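K.L.:
Given next are the chains, with one letter for each unit.
There are 4 protein chains.
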Amino acid sequence: MTTLGHLIDGVRVDDAARTQELYNPSTGEVAGRVGLASRATVEEAIAAAQAAFPAWRDTPPAKRARILFRFKALLEQHADEICRLIGQEHGKIVHDARGELARGIENVEYACGAPELLKGEYSKNTGPGIDSWSDFQPLGVVAGITPFNFPAMVPLWMFPMAIACGNTFVLKPSERDPTSTLYLAELALEAGLPAGVLNVVNGDKAAVDALLDDARVQAVSFVGSTPIAEYIYGRACANGKRCQALGGAKNHAIVMPDADMDNVVDSLTGAAFGSSGERCMALSVAVAVGDAAAEALIDKMRARMASLRVGPFHDADNDFGPVITRAHLEKVCGYIAGAEAQGAEVVVDGRGVQVPGHEDGFYVGGTLIDRVTPDMTCYLEEIFGPVLLVVRVDSMEAAMKLIDDHEYGNGTCIYTRDGEAARYFADRIQVGMVGINVPLPVPVAYHSFGGWKRSLFGDLAAYGPDGARFYTRRKTVTQRWPSAGLREGSQFAFPS
Amino acid sequence: MTTLGHLIDGVRVDDAARTQELYNPSTGEVAGRVGLASRATVEEAIAAAQAAFPAWRDTPPAKRARILFRFKALLEQHADEICRLIGQEHGKIVHDARGELARGIENVEYACGAPELLKGEYSKNTGPGIDSWSDFQPLGVVAGITPFNFPAMVPLWMFPMAIACGNTFVLKPSERDPTSTLYLAELALEAGLPAGVLNVVNGDKAAVDALLDDARVQAVSFVGSTPIAEYIYGRACANGKRCQALGGAKNHAIVMPDADMDNVVDSLTGAAFGSSGERCMALSVAVAVGDAAAEALIDKMRARMASLRVGPFHDADNDFGPVITRAHLEKVCGYIAGAEAQGAEVVVDGRGVQVPGHEDGFYVGGTLIDRVTPDMTCYLEEIFGPVLLVVRVDSMEAAMKLIDDHEYGNGTCIYTRDGEAARYFADRIQVGMVGINVPLPVPVAYHSFGGWKRSLFGDLAAYGPDGARFYTRRKTVTQRWPSAGLREGSQFAFPS
Amino acid sequence: MTTLGHLIDGVRVDDAARTQELYNPSTGEVAGRVGLASRATVEEAIAAAQAAFPAWRDTPPAKRARILFRFKALLEQHADEICRLIGQEHGKIVHDARGELARGIENVEYACGAPELLKGEYSKNTGPGIDSWSDFQPLGVVAGITPFNFPAMVPLWMFPMAIACGNTFVLKPSERDPTSTLYLAELALEAGLPAGVLNVVNGDKAAVDALLDDARVQAVSFVGSTPIAEYIYGRACANGKRCQALGGAKNHAIVMPDADMDNVVDSLTGAAFGSSGERCMALSVAVAVGDAAAEALIDKMRARMASLRVGPFHDADNDFGPVITRAHLEKVCGYIAGAEAQGAEVVVDGRGVQVPGHEDGFYVGGTLIDRVTPDMTCYLEEIFGPVLLVVRVDSMEAAMKLIDDHEYGNGTCIYTRDGEAARYFADRIQVGMVGINVPLPVPVAYHSFGGWKRSLFGDLAAYGPDGARFYTRRKTVTQRWPSAGLREGSQFAFPS
Amino acid sequence: MTTLGHLIDGVRVDDAARTQELYNPSTGEVAGRVGLASRATVEEAIAAAQAAFPAWRDTPPAKRARILFRFKALLEQHADEICRLIGQEHGKIVHDARGELARGIENVEYACGAPELLKGEYSKNTGPGIDSWSDFQPLGVVAGITPFNFPAMVPLWMFPMAIACGNTFVLKPSERDPTSTLYLAELALEAGLPAGVLNVVNGDKAAVDALLDDARVQAVSFVGSTPIAEYIYGRACANGKRCQALGGAKNHAIVMPDADMDNVVDSLTGAAFGSSGERCMALSVAVAVGDAAAEALIDKMRARMASLRVGPFHDADNDFGPVITRAHLEKVCGYIAGAEAQGAEVVVDGRGVQVPGHEDGFYVGGTLIDRVTPDMTCYLEEIFGPVLLVVRVDSMEAAMKLIDDHEYGNGTCIYTRDGEAARYFADRIQVGMVGINVPLPVPVAYHSFGGWKRSLFGDLAAYGPDGARFYTRRKTVTQRWPSAGLREGSQFAFPS
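Protein chains in written order, with full-length UniProt numbering: chain A, 1 to 496; chain B, 1 to 496; chain C, 1 to 496; chain D, 1 to 496.
These are computed hints drawn from the structure, not numbers from a lab.
Below are the DSBU-like pairs computed for lysine-lysine, each with C-alpha atoms no more than 35 Å apart in a straight line:
no., chain 1, residue 1, chain 2, residue 2
1, D, Lys331, D, Lys401
2, D, Lys63, A, Lys63
3, A, Lys453, D, Lys63
In this text the structure is predicted, and so the values were computed from the model without any measurement.
With the hints as extra help, turn the sequences into a complete structure.
P.N.:
What follows is the structure, given as structure tokens:
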């Protein structure tokens, strides 16, 4: 059994004094080990990034972008292998991994436009004979800390843009499924990134703290749960860094009485159970407006869920795979049990699902719970499992109040045909990413990803235009040339 | 003697359980008192702002901007009175106050462009039949904490834009010279701002902490010294807020051998001694490249400084006025003494200057110190007085290293006629605001103000385009309409 | 009776060799005369503009904008007088003139943001050590030719932005109602515009041709009818100029079966009859989808039109006033008669309306014609009178085809509550300005005004962001400094 | 000998009723034939483009861009073949063809950013409850007419962006060297462009006129000589189309007395003689300020030119190749003879150069002519050959006046080390593309290419951001939803 190391200054580095086991959630078996970087190893990575910075910052943006063009091609060429590595450690089905990778590649494509995105602002004559311009310069060494649920996509939200902007990068992927991430980084080097521009350290909190405390790290991007996001943001900021920390979610869909219910059920099914609900944009609460809508929704969901298939990652006929660990499986089942105990009605129960031939995999089946109320634990917390809650309300205003009162503000959706309802909802709801008949309103790569309330700490969102701003800092130059200079001289005209 | 109160929900509110004296630094006399708000008073202001938010956010941006158009006109109309109030409590000469106000008004002018600045990004067909747009929405209640040295300009950096973006505002000006600030706020109300949209609380650390800790405050803008900036940033971020905190400076000018020395001396004189050096953009260190440049600089500066006039604020013939307090006077003189003790050469000594008729005023004369070295206390710390240090180096690279090694990175300047030297300097120097033959490279209102290193904490600079981004948050909407709707129906065509 | 002259280089100039009468359409009486400029007078205006250009182009944009801030204030201060002058010569009711002026002032407000709008694009390191930036420079002398129907608004679409961009301007207003336009220009000079920056020549085709043929005129903006627009565009372009020429319209509203019919009728009434229909954005064709919608529409319109009041401009109780000339009155009535003759049904007939006390005024009452078909003359041509046609179709697709088949593509509207229908319509219809439940979708001043098809010739629309682009030209600078220059020299460090 | 056909609707189409010979200028031999399309064939291409438009416009921009990503990869993969085809028909040396292709590929890279470039402007609350957005929609069928001197680069300036914006394209390349252009188009189809999206017709004026007159063609981009540009612009505009027509040039470099003369000579050599001077950005006039500068320049140029190698395209050791035709060779030699006759001094004479083994090739050697004056024919007209003129003046102002007085305003350059001279020049010179120590200031692909004066007709420049604007038209939507709709209904809450 091999032990996964780190990627520092262009080479694989071992630091396996401490290690952690890597599981294949589809079988429940241990499939490998990953070394957990010491502070010294993290500092070595930071030093490599620091050393690579001066030459990289001076590389013309168009030339930096050209490496990303090649990186995109390599990602497409090696997509099968990347998706296999994702599936093996994370458990998501191959088509789902493909989707994740496609979304990640879109971020590479966007970063290819760096020369356009880095344009500064130029003002002639801010005063008589005075010009001023603002330039967006790279920060230096920046760090990314990414979660287990998107081992390819979330790193691709970060490092391509950071690097396109002229920074060098230290990435710490999740220690639960780091293999595909490390592979991506190696492809980036193969595409032509100079050694030290992109470094990967595997590790746990020790590595994170080393990144947060090192004065050479100028900025930190984080995606994970809200408690950790809050910790990262507080500590990075206390250390004077810029930081963006994306946390948890509880994404509601309002189902209006005029909604196209077949469309609702089709799209909710994917949004709630895809990737076992282990997505920060998973749609985990359906808010039915009126009992008629609720009844129709429940009936059709129950019917639709009968054909849902859960199983191992390599079988493309499955709709979704296992959850990430046995402990998480138990936590998810605990939420279902709690809901039942607190009075909700478990309409479809995914606990105890059996996958023949994979009895030790970490499987939870699709679960539908009706008559959930806002005081229940399953409603208040993020379950991160294939569980869809239904809350019933009497009016659209009540549905919106429910959403606005929740701690999180990542994504939300309304199902309606009515233009006015959609506009009212989108304008006022206190959530950062809003869908109108779109249950997973993940912004495309040329917009930016960011929740509101306790789903994001910081003032710039992830990727897209905000990403370019987060990874650069403004420098403003004001220029006036003394006159009476060469231009007006006459001595040169008739040299003796 | 009157006690200045607070401005909450459109009316003057007294909270004078604790007060502090207001001085006239030109005479050294106490001229009034200011009440120091309790936590309850601050919370009252926040509550007023919170209550005013929903209607203000829904007011069309063009209509909000129209109030700022009127505000600009009122500021121009009442400029004399504003400048008198500034001079009386701060000590700056009337022409300097005029300059401060003019710069402040430029920020109001920029905020008048809110409808343009708030434009979101619209993308048709992000997928088949799917549209996406990002909108920049106001945050809610935001707070500004401003310093004594620009009682009009720095508040005008903040609240006009914040308000133009649809936020409501709680401003805590410096407790040393709050009267002009409060007057500005009253003019804003006179211009048509609804009650509660702009509130002013006077106070000290208790008020600041109340703002930092209140969950209703979404964002904090601060300008002041670096230790306080660091405190504010850490505490605001730990509370999950967005924050921009601007701190101290030590702004160097490189004087190249080819510089137009008359231009250098003229412009340095204003940049070093104007406003008694109490500006975060004051040019406090001249770095002469080569002894020949140094000698020429010293000679011409000495001659130029002979005619410098220091005196009370109301006499427009003075070049600059007193410093803010007696304690600060002593601190500045202490730096001069320390420089002398550590081996520097005090070429022109401003200590013990006498202003006839104003013997108790807080005056320090223009001071020039040669042969300063980077280890001296006067070099390492921000003096914030009318003191210009000269450091001698052998090469431009050495001059740049000096600047880059300093803790602060607010402003800097190079004096040269050489295009290559200017470009090299502007590109590489680790400072946020760079002048080429411009010693005070304060960005115009349509660019943004921000230092690097320990001169600014946060990722967006103050005012200008960054201001508009800081005071808004992105919401991204993704929309798809189910087809088979009204449009395709045929039943309506031939009703029975 | 006075004869209106011209405004050249800051002074009133007479050139009245040829004159034309000015009518008061509300009474039908001649109220004055206007001189028609000779080619020499036009060239004098161009020469004045040319002479004023160099200093004006070098005036910092922020300073240029500050004059527009004052201009806005003067327009607001003199609004009553402006509206009286408009009403007297054009005939529109005072509230309508107020609306026109308000829309015009919004364009001045937008132009106040010139420093932001003129920002160029700055790229560091387009190659190693090479920087590039694009700057938007003024063109020089530009000309505007404006129509009778908006004597204040359309000139304000043009010259404030042109001037804010650093150009100088020659304006030729309509010779039918030039007095208010000339007054505006005088207020602009009062606000601080230097002489020669804005010039006004009154005149007819001779003046137009002089502007089109003069090599010093760099660009031409025109608003008027399509045949003239086509002539202007062809001739200006043949002379190598840039040109934008806005022409006629036939704006359709689709009334869907699900529309809120009360809202339809209320808003159509204003959009069809306001300003006697003499607006290029007037809503002149209602396309009812399904006979049920048609019947409801006709019934409610007939009822609503019973209370429509037509009368002289100074009576604010009137809904609309006379048309511009007696000849135009006869033309409008001719279209109504022609419709009747071709088989349409005149539901409400505005011909022969009597306004007591103003029997000689040029009045046509509100007219509603049902069962219009696409082959009728009244449908094919622009009537420019208070006449609303109703066409009946069976489906939304048929309604859209009708619109797309029409020669013009200025504005259009759909009335519906359905999100999908609205999106489909807005996406696909071949019209430049689209309303969803908004019958007069005139873009706000911070967007741009432009029709499609034969409603606009040119590639940039009027006012807003396109205006700023039309009135500037891009200059791109690429800069590399030879190294081995001053910076690397060591000789200066230790001068002998 | 084969006859080159056309590419219509995805297939090669023959129309060889009329043909023209294709030469290999390096040998002077006929190498093939090209069919000259009839009006019917052009109309067939337009019809194919028109038919392909609806589906292509509805293809999401990101998906369109993805085809361009593949196209870029194919261009890189087939670079050798493309450059061989260019060299064979045009004569430029392989390294020069490589440079041309690289520049062309940069435009494809830029067009890959279409999703960002096509973002519209979105404004919430332009009025109460009213939203407005502007969208940039494709035009339909657009045409490009390209010159012989860049058979790969100029087509790549046009069709990738036009297509990325959703238009379909008809390209008419130069009939002198169409083979490489046709090959590019085939690679674009191979990359995945649907049939009909990109069509190529070979032809002469008949084909051009067919494109200009067809009502289905919405816009025309042209690059060529000024007389043709003027003809195209006039005719396209008279037909109501939008048009950008780029014409000729006479690009001057000012050599200031402080210039780094080795750098001047190195860079001028490439800029004047590269591609035999057959570039619209070729540097054809050096303006020496002061006789000292002139003498130094002449001496060093003469020395440098001694090693210039002219010869056949396939030998990479050559500096440049033949001119395009024998007729053109004679024309260039005529200009040299004329200069001599009018009194200029031919310092280095390229007439009658012999290339062993290629005696019939169309070669002119590098030519340097001193003491040229502004009245000489060689100065007034564009030579388009390897001829560098030197004009001597006494001051920088005189040099600038020379440039501003010339009919053309494409590119220009100043050689200096002085910041003030550079800024003054770049700000004021009446030329669209300005170099500071850069003799060929061709803007990078993410800026735009456009001369001033008679070098460009139209208001938007070629490629870059202006390209995206030229190939789209603005549509502005204004939306208000009637309230009292579904949202406020209560009937659905408690269905009976």
